[in-house]
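Asker: Given next are the chains, with one letter for each unit.
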Amino acid sequence: MAGTVEKKLADMGITLPEPATPVANYVPFVRVRNHLVLSGQICTDNDGKLVAKGKLGAGVSVEDGQKAARACAINLLAQVKAAIGDLDKVSRVVRLGGFINSAPEFTDGAKVMNGASDLMVTVFADKGRHARSTVGVASLPLDAAVEVEGIFEVD
Amino acid sequence: MAGTVEKKLADMGITLPEPATPVANYVPFVRVRNHLVLSGQICTDNDGKLVAKGKLGAGVSVEDGQKAARACAINLLAQVKAAIGDLDKVSRVVRLGGFINSAPEFTDGAKVMNGASDLMVTVFADKGRHARSTVGVASLPLDAAVEVEGIFEVD
Amino acid sequence: MAGTVEKKLADMGITLPEPATPVANYVPFVRVRNHLVLSGQICTDNDGKLVAKGKLGAGVSVEDGQKAARACAINLLAQVKAAIGDLDKVSRVVRLGGFINSAPEFTDGAKVMNGASDLMVTVFADKGRHARSTVGVASLPLDAAVEVEGIFEVD
Numbered sequence: 001m002a003g004t005v006e007k008k009l010a011d012m013g014i015t016l017p018e019p020a021t022p023v024a025n026y027v028p029f030v031r032v033r034n035h036l037v038l039s040g041q042i043c044t045d046n047d048g049k050l051v052a053k054g055k056l057g058a059g060v061s062v063e064d065g066q067k068a069a070r071a072c073a074i075n076l077l078a079q080v081k082a083a084i085g086d087l088d089k090v091s092r093v094v095r096l097g098g099f100i101n102s103a104p105e106f107t108d109g110a111k112v113m114n115g116a117s118d119l120m121v122t123v124f125a126d127k128g129r130h131a132r133s134t135v136g137v138a139s140l141p142l143d144a145a146v147e148v149e150g151i152f153e154v155d
Numbered sequence: 001m002a003g004t005v006e007k008k009l010a011d012m013g014i015t016l017p018e019p020a021t022p023v024a025n026y027v028p029f030v031r032v033r034n035h036l037v038l039s040g041q042i043c044t045d046n047d048g049k050l051v052a053k054g055k056l057g058a059g060v061s062v063e064d065g066q067k068a069a070r071a072c073a074i075n076l077l078a079q080v081k082a083a084i085g086d087l088d089k090v091s092r093v094v095r096l097g098g099f100i101n102s103a104p105e106f107t108d109g110a111k112v113m114n115g116a117s118d119l120m121v122t123v124f125a126d127k128g129r130h131a132r133s134t135v136g137v138a139s140l141p142l143d144a145a146v147e148v149e150g151i152f153e154v155d
Numbered sequence: 001m002a003g004t005v006e007k008k009l010a011d012m013g014i015t016l017p018e019p020a021t022p023v024a025n026y027v028p029f030v031r032v033r034n035h036l037v038l039s040g041q042i043c044t045d046n047d048g049k050l051v052a053k054g055k056l057g058a059g060v061s062v063e064d065g066q067k068a069a070r071a072c073a074i075n076l077l078a079q080v081k082a083a084i085g086d087l088d089k090v091s092r093v094v095r096l097g098g099f100i101n102s103a104p105e106f107t108d109g110a111k112v113m114n115g116a117s118d119l120m121v122t123v124f125a126d127k128g129r130h131a132r133s134t135v136g137v138a139s140l141p142l143d144a145a146v147e148v149e150g151i152f153e154v155d
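Residue numbers (our numbering), protein chains in the order written: chain A, 1 to 155; chain B, 1 to 155; chain C, 1 to 155.
Okay, chain A solo, but in the shape it has when bound:
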């Protein structure tokens, strides 16, 4: 039976993807006691296709960047579910780190990152309110528009 958080996701029309398997010698998450550290997730959709490719400020719009950030957040949730089985066991979204693939003159990274932050707060309410850092990076793996990493506290 789906928990409260997963019902919420279903109500929002969100199906969690199969969590992506890293293609290299690392893992999508490491749990140390109640601390769950998640690898950076790029903005793939449930078919593994990039939601937005390229740079903000050079072809990718803020709106598409927000969708990309939201996709990263969904991918983080898929990994959290793989790690702990039930998203209701998340006691706090501690931190998100947002990496925005940016042209040098792009300064709206915070708006883009809201696509990820808003999802967390919609889904987890107050438990979803997290610390975050947002920076514009020179490039990202596979030319993804956005990558988001996370730290969650879990029961």
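Calculated from the structure, these hints are not laboratory results.
Take these hints with a grain of salt, some might be off.
Any copy, or any two copies together, can satisfy a pair, since identical chains are not distinguished.
Calculated cross-link-like contacts (lysine-lysine; reagent style DSBU-like; alpha-carbon spacing at most 30 angstroms) [unchecked claim]: (1) Lys53 with Lys111; (2) Lys49 with Lys81; (3) Lys89 with Lys53; (4) Lys81 with Lys127; (5) Lys111 with Lys89; (6) Lys53 with Lys81; (7) Lys111 with Lys127; (8) Lys67 with Lys81; (9) Lys111 with Lys81; (10) Lys49 with Lys111; (11) Lys89 with Lys67; (12) Lys89 with Lys127.
Following the hints, put chains B and C in place on chain A, whose structure we already have.
Answerer: Showing chains B and C alone in chain A's frame:
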């Protein structure tokens, strides 16, 4: 009554600003037990104005970058005080992450970041000696010259 | 007497360097209980010379980038040994953060970062399997091609 750390700040002529309120769905800090995770702070002064705007290596000098990094550190301290009430309860500055808004050829990020590191060590002495990572990023929110995030251990 | 991990390193022909001393007001690691937070290490060899200098996608090949990432990982291990004395006390490599000095069009950062990840898994086996984030940054201190930071869980 101000504690030892705040007296030190006053002696240095530093007044902590009103801690900035995030303009989005995130929070400036999350505390998990004795661990305080702080959102990236940009280099605003006590009036909310950027201390330095633009890129190191393309208009912003190393000296101005150092002032900007120092301002980020002061903003972190304002958030720490908001979180725990008394800066004397800081048992260790664990880590600072420095993001320097950089032209591609700028390689003096470490010098810039010293503006933040020096402040922490001046204020907290040995408790202020932290691990750090410094990287040059393609862009930052609002075109801030520097953003610094932090992890503090608190009583 | 060298422990299992150090024998493994010796078998691989790896001698740990003297751990680099930060040239500023920060420290190479901070330990909080069983949590070891390591400063970003750039890709210097045992003589302190950069293994690769400049940008991926603009002069530095993926192969040289991988060697650089591996050198960063070795430098992390030197710091871990300095912190805890015996690498056999590492219970988990929790997270690596990879910063790849990248031209804007370079998208193979994940391959580069494998140079660090592969070393950790070779040396620590399953304990070496870590969460990671890899991003392409605009510049790095001293124009290093790669910088890697880490979090280790230790006994």
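Asker: Could you run down the list of hints and mark each one as holding or not?
Answerer: Verification of the hints:
no.: 1; hint: Lys53 with Lys111; result: both (17 angstroms within a copy, 18 angstroms between copies)
no.: 2; hint: Lys49 with Lys81; result: within (21 angstroms within a copy, 42 angstroms between copies)
no.: 3; hint: Lys89 with Lys53; result: neither (33 angstroms within a copy, 42 angstroms between copies)
no.: 4; hint: Lys81 with Lys127; result: both (16 angstroms within a copy, 22 angstroms between copies)
no.: 5; hint: Lys111 with Lys89; result: within (29 angstroms within a copy, 34 angstroms between copies)
no.: 6; hint: Lys53 with Lys81; result: within (26 angstroms within a copy, 40 angstroms between copies)
no.: 7; hint: Lys111 with Lys127; result: within (21 angstroms within a copy, 35 angstroms between copies)
no.: 8; hint: Lys67 with Lys81; result: within (21 angstroms within a copy, 35 angstroms between copies)
no.: 9; hint: Lys111 with Lys81; result: both (27 angstroms within a copy, 27 angstroms between copies)
no.: 10; hint: Lys49 with Lys111; result: both (23 angstroms within a copy, 19 angstroms between copies)
no.: 11; hint: Lys89 with Lys67; result: within (26 angstroms within a copy, 40 angstroms between copies)
no.: 12; hint: Lys89 with Lys127; result: both (11 angstroms within a copy, 25 angstroms between copies)
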